[in-house]
Amino acid sequence: MKKSIELFLTFMKIGAFTFGGGYAMIPLIQKEVCENKKWLSEKDISDIVVISESTPGPIAINTATFIGYRRAGFWGACMATLGVVLPSFLIISLISLMLTEFQNYKPVRYAFMGIRGAVLALILKALWMMFKSSKKNVISYCIMGVSLILTAFLRIDAVFVIIGCGLFGLLWSLTAGKDRKNDTA
Amino acid sequence: MILLELFLIFMKIGAFTFGGGYAMIAMIQAEAERNGWLTQEQLVDFVALSESTPGPLALNMATFVGLKTGGILGAIIATAGIVLPSFIIILIIAKCFEKYKKSKAVGGVMSGLKPAVVGLIGAAFISVARTVFFPSGVSFAALSEASFWVFLGIFALTAMLAFKKIHPIRIILLSAAIGIGAGYGLEL
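Protein chains in written order, with this note's numbering: chain R, 3 to 187; chain Z, -5 to 182.
If you're looking for bench data, these hints aren't it; they were derived computationally from the structure.
The reader is advised that the hints may include incorrect statements.
One side only, chain Z facing chain R, incomplete, derived with CB under 8 Å [claimed, not checked]:
| no. | residue |
| --- | --- |
| 1 | Gly14 |
| 2 | Gly64 |
| 3 | Gly65 |
| 4 | Lys98 |
| 5 | Met104 |
| 6 | Ala118 |
| 7 | Val126 |
| 8 | Gly131 |
| 9 | Ala135 |
| 10 | Ala136 |
| 11 | Ser138 |
| 12 | Lys158 |
| 13 | Ile165 |
The calculated lysine-lysine pairs, modelled on PhoX-like cross-linking and capped at a C-alpha distance of 20 Å, are [what the hints assert, rightly or not]:
| no. | chain 1 | residue 1 | chain 2 | residue 2 |
| --- | --- | --- | --- | --- |
| 14 | R | Lys127 | R | Lys108 |
| 15 | R | Lys45 | Z | Lys159 |
| 16 | R | Lys137 | Z | Lys158 |
| 17 | R | Lys127 | Z | Lys93 |
| 18 | Z | Lys6 | R | Lys134 |
| 19 | Z | Lys93 | R | Lys45 |
| 20 | R | Lys134 | R | Lys108 |
| 21 | R | Lys127 | Z | Lys98 |
| 22 | R | Lys134 | Z | Lys96 |
| 23 | R | Lys4 | R | Lys45 |
| 24 | Z | Lys62 | R | Lys45 |
| 25 | R | Lys45 | Z | Lys158 |
Just so you know, even glycine gets a beta-carbon here, dropped at the ideal spot from N, CA and C.
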């Protein structure tokens, strides 16, 4: 019980202070979970990153569930996940109430106009980061191009694109021989 | 019924979002269009809002869309939907972690998924760019609108800052200030 409450509080803190999600959270998780609580070693963190990359869902939730389970079994996983979700749930609820109230004010409308340009820039940055971290070979470029065209222009459901590319990767790695290196990292 | 639909749709999104929240923008956009949840502008605004509040994009999106379409209960249901798939999958993996880590099959699937995610984010970029630069359809006429050039200027400036590793919140605040300035200055 005490373990579960501690998990809940720690992950609530992580959930409340990580902006931007994704890899931005890793340093904070590292500090809280490795240095302060000593729940995991530094090496475990890199394992968790590998798992989060290869499973669906936000990295914050994956990490919370994983660490919670390791510390205190199923209920630990529940408490840690709940903890990491709660702050953003509350904050978003509050903000969307305020937004309905204020969105017709001129300054607010102008501010959001400006922000739209910035969102585009942030997506471009994310695109570049993902591109940089993926493999540079013909097959990989082909998958990028095909999945882009399928979703952006042919309006194919992204779910099918994900399934298709995953299957393709699996079949390719099976047929291309056993000496191909495992590249989850 | 709306609640069940919300739950299922967000569970689907939760189960197929790899490589961070940006890859799911394309999916959310398609669902939002199909179900009439949000306009494209609202969606873009919401990505910004989500970047300036703590927590992962996917989670914030689910809460927000749930709240808009089904009230507080809708928010809870949609959030639960997006969390559930990763929760279950991680529980399974936590049990057989060593095997999973060394699995060739996982490596193979990932070698296909990673570039696909790049493509999905590229698709998100294109559709958001369309919404931002050409709100009333792609045409040359849009080029004569002052707002087009304001957006282009803000995009160029913030892109430069983003690549210089300035924190997203600062970039969003700056762009909001420019938006207010340009809005009043040009009487948009």
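**Item:** Which numbered hints fail
**Value:** Hints 2, 3, 8, 9, 10, 11, 12, 14, 15, 16, 17, 18, 20, 21, 22, 23, 24, 25 not satisfied by this model.
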